[in-house]
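*Asks:* In order, the protein sequences belong to chains G, D, E and C. For what it's worth, the numbering used here labels the leading residue of the first sequence as 1, then goes sequentially. For what it's worth, the numbering used here labels the leading residue of the second sequence as 1, then goes sequentially. For what it's worth, the numbering used here labels the leading residue of the third sequence as 1, then goes sequentially. For what it's worth, the numbering used here labels the leading residue of the fourth sequence as 1, then goes sequentially.
Please note that the accuracy of each hint is not assured.
DSS-like, lysine-lysine: derived pairs with alpha carbons at most 27 Å apart [to be verified]:
id : chain 1 : residue 1 : chain 2 : residue 2
1  : C       : 85        : D       : 261
2  : C       : 50        : D       : 255
3  : G       : 91        : D       : 92
4  : G       : 92        : D       : 261
5  : D       : 261       : G       : 6
6  : D       : 261       : C       : 50
7  : E       : 233       : C       : 85
8  : G       : 92        : D       : 6
9  : E       : 233       : G       : 251
10 : D       : 92        : G       : 6
11 : G       : 251       : E       : 155
12 : C       : 85        : E       : 209
It should be emphasised that the hints constitute simulated quantities derived from the structure, not laboratory data. This one's a predicted model, so the numbers in the text were calculated from it and none came from an experiment.
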Amino acid sequence: MQQSSKILWNTEASPNYYKIAFPYPENYPAIGSGQFFMVRVAEGSDPLLRRALAVYRVGGVDVFPELKGPGLSAVEFLYRAVGRGTGFLAKKREGDSLDWVGPLGNSYTLPKEGAHHYLVAGGTGLSSLYVLAKELIKIFPVSSVHLMVGGRSQKDILCLPDFEPLGIQISVTTEDGTKGARGRVTDVLESALRTVPSDSAHVYTAGPIPMMAKVASISKERKIACQVSLEGPMGCGFGICLGCSVEIFEKGERKYRLLCKHGPIFNSEEVYWGEA
Amino acid sequence: MQQSSKILWNTEASPNYYKIAFPYPENYPAIGSGQFFMVRVAEGSDPLLRRALAVYRVGGVDVFPELKGPGLSAVEFLYRAVGRGTGFLAKKREGDSLDWVGPLGNSYTLPKEGAHHYLVAGGTGLSSLYVLAKELIKIFPVSSVHLMVGGRSQKDILCLPDFEPLGIQISVTTEDGTKGARGRVTDVLESALRTVPSDSAHVYTAGPIPMMAKVASISKERKIACQVSLEGPMGCGFGICLGCSVEIFEKGERKYRLLCKHGPIFNSEEVYWGEA
Amino acid sequence: MKPDLSVQIGSIHLQNPVLAASGTFGYGEEVDLFDVNLLGGIVTKGLSPKPRMGNPPPRIVETGAGMLNTIGLENVGVEAFVREKLPRIGHLKAAIIANVFGGTVEDYVTVAQRLEGEKGIAALELNISCPNVHQGGMEFGNDPGLAAEVVRAVKRATRFPVIVKLSPNVTDVRLVAKAVEDAGADALSLINTIPGMAVDVYTRRPLLKNITGGLSGPAIKPIAIRMVWQVSKVVSIPIIGIGGIATARDALEFLIAGASAVQVGTANFYEPLTMPRILSGLEEFLHSQEIPSIRNLIGTLQV
Amino acid sequence: MKPDLSVQIGSIHLQNPVLAASGTFGYGEEVDLFDVNLLGGIVTKGLSPKPRMGNPPPRIVETGAGMLNTIGLENVGVEAFVREKLPRIGHLKAAIIANVFGGTVEDYVTVAQRLEGEKGIAALELNISCPNVHQGGMEFGNDPGLAAEVVRAVKRATRFPVIVKLSPNVTDVRLVAKAVEDAGADALSLINTIPGMAVDVYTRRPLLKNITGGLSGPAIKPIAIRMVWQVSKVVSIPIIGIGGIATARDALEFLIAGASAVQVGTANFYEPLTMPRILSGLEEFLHSQEIPSIRNLIGTLQV
Ligand SMILES: Cc1cc2nc3c(=O)[nH]c(=O)nc-3n(C[C@H](O)[C@H](O)[C@H](O)COP(=O)(O)OP(=O)(O)OC[C@H]3O[C@@H](n4cnc5c(N)ncnc54)[C@H](O)[C@@H]3O)c2cc1C
Ligand SMILES: Cc1cc2nc3c(=O)[nH]c(=O)nc-3n(C[C@H](O)[C@H](O)[C@H](O)COP(=O)(O)OP(=O)(O)OC[C@H]3O[C@@H](n4cnc5c(N)ncnc54)[C@H](O)[C@@H]3O)c2cc1C
Ligand SMILES: Cc1cc2nc3c(=O)[nH]c(=O)nc-3n(C[C@H](O)[C@H](O)[C@H](O)COP(=O)(O)O)c2cc1C
Ligand SMILES: Cc1cc2nc3c(=O)[nH]c(=O)nc-3n(C[C@H](O)[C@H](O)[C@H](O)COP(=O)(O)O)c2cc1C
Ligand code: FES
Ligand code: FES
Numbered sequence: 001m002q003q004s005s006k007i008l009w010n011t012e013a014s015p016n017y018y019k020i021a022f023p024y025p026e027n028y029p030a031i032g033s034g035q036f037f038m039v040r041v042a043e044g045s046d047p048l049l050r051r052a053l054a055v056y057r058v059g060g061v062d063v064f065p066e067l068k069g070p071g072l073s074a075v076e077f078l079y080r081a082v083g084r085g086t087g088f089l090a091k092k093r094e095g096d097s098l099d100w101v102g103p104l105g106n107s108y109t110l111p112k113e114g115a116h117h118y119l120v121a122g123g124t125g126l127s128s129l130y131v132l133a134k135e136l137i138k139i140f141p142v143s144s145v146h147l148m149v150g151g152r153s154q155k156d157i158l159c160l161p162d163f164e165p166l167g168i169q170i171s172v173t174t175e176d177g178t179k180g181a182r183g184r185v186t187d188v189l190e191s192a193l194r195t196v197p198s199d200s201a202h203v204y205t206a207g208p209i210p211m212m213a214k215v216a217s218i219s220k221e222r223k224i225a226c227q228v229s230l231e232g233p234m235g236c237g238f239g240i241c242l243g244c245s246v247e248i249f250e251k252g253e254r255k256y257r258l259l260c261k262h263g264p265i266f267n268s269e270e271v272y273w274g275e276a
Numbered sequence: 001m002q003q004s005s006k007i008l009w010n011t012e013a014s015p016n017y018y019k020i021a022f023p024y025p026e027n028y029p030a031i032g033s034g035q036f037f038m039v040r041v042a043e044g045s046d047p048l049l050r051r052a053l054a055v056y057r058v059g060g061v062d063v064f065p066e067l068k069g070p071g072l073s074a075v076e077f078l079y080r081a082v083g084r085g086t087g088f089l090a091k092k093r094e095g096d097s098l099d100w101v102g103p104l105g106n107s108y109t110l111p112k113e114g115a116h117h118y119l120v121a122g123g124t125g126l127s128s129l130y131v132l133a134k135e136l137i138k139i140f141p142v143s144s145v146h147l148m149v150g151g152r153s154q155k156d157i158l159c160l161p162d163f164e165p166l167g168i169q170i171s172v173t174t175e176d177g178t179k180g181a182r183g184r185v186t187d188v189l190e191s192a193l194r195t196v197p198s199d200s201a202h203v204y205t206a207g208p209i210p211m212m213a214k215v216a217s218i219s220k221e222r223k224i225a226c227q228v229s230l231e232g233p234m235g236c237g238f239g240i241c242l243g244c245s246v247e248i249f250e251k252g253e254r255k256y257r258l259l260c261k262h263g264p265i266f267n268s269e270e271v272y273w274g275e276a
Numbered sequence: 001m002k003p004d005l006s007v008q009i010g011s012i013h014l015q016n017p018v019l020a021a022s023g024t025f026g027y028g029e030e031v032d033l034f035d036v037n038l039l040g041g042i043v044t045k046g047l048s049p050k051p052r053m054g055n056p057p058p059r060i061v062e063t064g065a066g067m068l069n070t071i072g073l074e075n076v077g078v079e080a081f082v083r084e085k086l087p088r089i090g091h092l093k094a095a096i097i098a099n100v101f102g103g104t105v106e107d108y109v110t111v112a113q114r115l116e117g118e119k120g121i122a123a124l125e126l127n128i129s130c131p132n133v134h135q136g137g138m139e140f141g142n143d144p145g146l147a148a149e150v151v152r153a154v155k156r157a158t159r160f161p162v163i164v165k166l167s168p169n170v171t172d173v174r175l176v177a178k179a180v181e182d183a184g185a186d187a188l189s190l191i192n193t194i195p196g197m198a199v200d201v202y203t204r205r206p207l208l209k210n211i212t213g214g215l216s217g218p219a220i221k222p223i224a225i226r227m228v229w230q231v232s233k234v235v236s237i238p239i240i241g242i243g244g245i246a247t248a249r250d251a252l253e254f255l256i257a258g259a260s261a262v263q264v265g266t267a268n269f270y271e272p273l274t275m276p277r278i279l280s281g282l283e284e285f286l287h288s289q290e291i292p293s294i295r296n297l298i299g300t301l302q303v
Numbered sequence: 001m002k003p004d005l006s007v008q009i010g011s012i013h014l015q016n017p018v019l020a021a022s023g024t025f026g027y028g029e030e031v032d033l034f035d036v037n038l039l040g041g042i043v044t045k046g047l048s049p050k051p052r053m054g055n056p057p058p059r060i061v062e063t064g065a066g067m068l069n070t071i072g073l074e075n076v077g078v079e080a081f082v083r084e085k086l087p088r089i090g091h092l093k094a095a096i097i098a099n100v101f102g103g104t105v106e107d108y109v110t111v112a113q114r115l116e117g118e119k120g121i122a123a124l125e126l127n128i129s130c131p132n133v134h135q136g137g138m139e140f141g142n143d144p145g146l147a148a149e150v151v152r153a154v155k156r157a158t159r160f161p162v163i164v165k166l167s168p169n170v171t172d173v174r175l176v177a178k179a180v181e182d183a184g185a186d187a188l189s190l191i192n193t194i195p196g197m198a199v200d201v202y203t204r205r206p207l208l209k210n211i212t213g214g215l216s217g218p219a220i221k222p223i224a225i226r227m228v229w230q231v232s233k234v235v236s237i238p239i240i241g242i243g244g245i246a247t248a249r250d251a252l253e254f255l256i257a258g259a260s261a262v263q264v265g266t267a268n269f270y271e272p273l274t275m276p277r278i279l280s281g282l283e284e285f286l287h288s289q290e291i292p293s294i295r296n297l298i299g300t301l302q303v
């Protein structure tokens, strides 16, 4: 659906990272893990195109204590002000209106069984894993869900307090050791995967391409199912511009698939990682 | 000068009419009656061009009781949300930043002598007359200054309470009689001028072209000096685009003059009123 | 009384003058944010004899009030269009116009022949902004003679009305317009995208894999209106205006300048409700100006 | 170390690659919001043999990320320029480039002759986007032969380096570029404005008195970059990039695509500090990327 809503909050979560939310009544379309919205960042025609934001959290007062009153609910996004579009977005304030289209795209496929679920996040990739974590703990023991968050430095480790109440396992790594263990999140994943049987483990990842490529290769080596959340330029977000094509291998054949419609979630073996 | 300032207020003065203000320290360039500023209405490149706004009021707590504390001062503009540019402007809020260039243009010429000063305003034209009224009452008796405000209806009669403390004479006319006398402001001027000697009277006018053209012709008939504030599309506001040319008669010869640099204030006889 | 929005493009009757532009609305079945049957028409993604994968990504980049694309004419091919897409849209009240392109005159003819006689198609639109493979990559649309040749060949192969979509990338668009009119075109549509380019200053590579791409969106609107007006002065066949249309006012500018209908492209991407909003905006405008029919506005520019 | 911004346009040395475009910065003395002596150069408003009043208003209209203008080449005439304007700017470190236009070849020659030998001028820039009065209004810049003729005639009349400013309004800008290079041009600048139009839907009149006007601003940037890149592949004389430049990043795109310098036009109107900001932005970029000289970037696009 498409609508314009008043912004509930648009606050800095960490230097240059923001959380933005607007009301999302219960009777609006259900949002699956990994789905995204397209939001307009300017009223005029520059910047022209909407920006894609993965849904971070969605829910009522249980999720957002700042919502005043029961019956209210909201959807929240976590984003980094990197370029012009997200820079404009960061200047919006509570009460300004935000025009959105969504929810869009496919979702993570929830496995029928599995004793170990590894959610591997870098940067704002974390945002597409919150709803997934909640979906997983509904059907699997909470102790089977393991969130691994990596970043360059302390300031890139975002929003852990949001995840803690879920009760899942959380591992943090930073390259400079300013938070959690020093190292790379992919090393943590690698050693974790060493201890588990392939067919009981599932990997889900979202973050920078090099990180996801590494996660994919580690999983492949161990023959563990891995789903990745891709990003890339989008013109529309709902399948009509053909601007978001990504290269995919289907049965060994190279094909283009639409990031916005067939994705953003893909099985990692299908993805062509380029020279990365 | 050029600067970006935080908006102090941007409030509706009457349906579709707004007052917008930002801090303007005492040591900033002095502002003459009739001068204008160029403001950006969007951050991106659409709308592209700045919009011209005539200075309405400028001063400290004496003028703006809402300023918190002595030593502070501000400049205020009165505008009507008519098109895209002013529509965008109307959405800005206290605390948003506004990028401006100014003060620009020439000013009303204050006469050496004169027993009667008629300030004839329509719509937002009123805005360029407040500073003029204050300048006039500094050098002439307050009773010699007469503000005549006209509009279609009550809601087009703006901001009279701002003028009342000045102590000048104020006449109000509306075409539908919903405020002040029923009729046209030009009729009020015409009858006032009938009672005064030509060389002691001065007319200053700002508003819609048809109104100003009429004011000019009434003044011309009585051989009374009349200054008008013109409006028109502007590309830059400071003399480099040559986009704002207006047709002027200088010694009977048709010439182009820059609205932004040689104007916006012209002697009414110089102005080519077109087919209006 | 409800104002009359219906228009005529030669023999094609449209319930209103707002069409979705080729390549910006899929095959008419992708969008579910509004009822597409409200539209005047839908121009399909460009069809070629065989399916095409299109160009490698990145395929789009945003520019000031515009975007560049190098989709590369990805399409399902005329065969799959007729078999899989047309049955799902051919019954609509919105006219279905099949956009056709090729690298040789034969390509155009092949597609036209395959479409010939198919139910549910109102007209063909020939995209002549494609490089002609036999002429060293020179665009059909850049050369009045080549453009006329394509039109003549397609006219012989089809009974559908033929709309020729002009490229803006020429010194004088009127020459091509005249040439294709003389060759038998039933209508013209303009403009297609304008070649442009953008550079990543950090990697020092083009932002599009294909180096250059076609510029579309509000940025090109003034150029498109100028060309529609110029062409309307020299041809007597109807014109469909295209380029940066995003509001009812934009559409009105084109209609007044000489277009009998308009196509909306890029705006569908960033504002998916653009077309229904233009429709209600046109109605409101006619109503408030007390103009009974949109046809009263076409080509009424006073200069 | 401070990065080196200086560039060379043939024999013309510029302290940096940022120039004010013709018609968008007066005669170099109108702007007092920053020190114009910081600029690489200033291209004057187009000069004709006699003063010209220009076109009747309205002369400008805003469009999506752009504007249309029909100033109509209003100028003080070459005589008044030499007597009144040049003495006030001729001493600057910013290079003064005199922009010249005409309706006949003789007009160009007349202006060039009057400027010949004047101190304080670094080069002439020929605006060939003017309708040729002897050729029924066909633009000099649309015809490689006509364009070459103007250049040859002016080259005979002047010892100043001659920069030829190309019109984008052609099917293949490379043909004109090659022709004027062969005719002796010392450098090229591109692009000039693109003809466009806008309509007042209430009065049904054009929003410009002159009906059509030239489109400039960010809207045209991708088209300009594409043309600079295309031309840079076929000529060996230096190119000055123009079109929608508003940020250091924009300027870098042009330089990387093949321009040796850039001109800033419309941005001077809506953001008067654009040029000094681009200068500091270029310095910052070179510094952060550890590139010693801006010349290391020119034409380095990897495709
Ligand atoms: C499915 C999906 C989900 C996303 N979720 C998030 C999220 O939750 N949080 C977040 O911070 N960001 C997210 N992004 C990226 C976000 O959409 C921004 O567009 C991107 O970061 C570019 O930022 P910008 O607009 O400020 O940059 P600009 O420089 O203004 O972008 C210029 C253009 O490039 C495109 N572009 C450039 N890089 C990217 C990229 N990495 N991904 C997408 N488009 C790009 C933009 O869409 C735009 O059209 C997501 C992208 C996708 C495709
Ligand atoms: C010297 C001067 C002083 C002004 N002072 C005031 C003021 O105090 N209060 C106020 O409400 N308005 C004032 N205006 C008009 C104001 O600048 C707006 O630009 C104008 O009302 C157009 O509104 P818009 O941008 O919303 O319309 P849009 O439709 O967005 O304008 C489109 C373009 O047309 C130009 N334009 C159209 N009509 C006018 C016009 N009448 N005057 C100037 N430009 C126009 C705009 O500048 C813009 O470039 C003044 C104009 C000038 C020249
Ligand atoms: C992503 C994209 C794909 C396009 N594909 C086609 C196409 O297949 N055939 C065609 O004739 N035009 C195609 N066009 C051109 C549009 O139909 C239209 O002529 C152009 O975009 C200008 O209109 P706009 O500014 O409203 O987008 C495409 C445009 C875009 C943006
Ligand atoms: C108001 C205006 C006046 C112009 N006058 C001239 C001129 O006299 N001679 C000329 O060669 N170009 C002239 N130009 C074109 C500019 O120099 C420049 O080529 C064009 O505007 C594109 O650059 P921009 O997008 O940065 O404005 C003018 C442009 C504008 C907007
Ligand atoms: S973003 Fe338009 S098709 Fe995917
Ligand atoms: S507005 Fe640019 S010269 Fe007056």
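*Asks:* Now tell me if each hint is right for this structure.
*Replies:* Quick rundown of the hints versus the structure:
no.: 1; hint: C:85 to D:261; in the structure: holds, 18 Å
no.: 2; hint: C:50 to D:255; in the structure: holds, 16 Å
no.: 3; hint: G:91 to D:92; in the structure: holds, 12 Å
no.: 4; hint: G:92 to D:261; in the structure: violated, 36 Å
no.: 5; hint: D:261 to G:6; in the structure: violated, 42 Å
no.: 6; hint: D:261 to C:50; in the structure: holds, 24 Å
no.: 7; hint: E:233 to C:85; in the structure: violated, 43 Å
no.: 8; hint: G:92 to D:6; in the structure: holds, 15 Å
no.: 9; hint: E:233 to G:251; in the structure: violated, 56 Å
no.: 10; hint: D:92 to G:6; in the structure: holds, 15 Å
no.: 11; hint: G:251 to E:155; in the structure: violated, 42 Å
no.: 12; hint: C:85 to E:209; in the structure: violated, 48 Å
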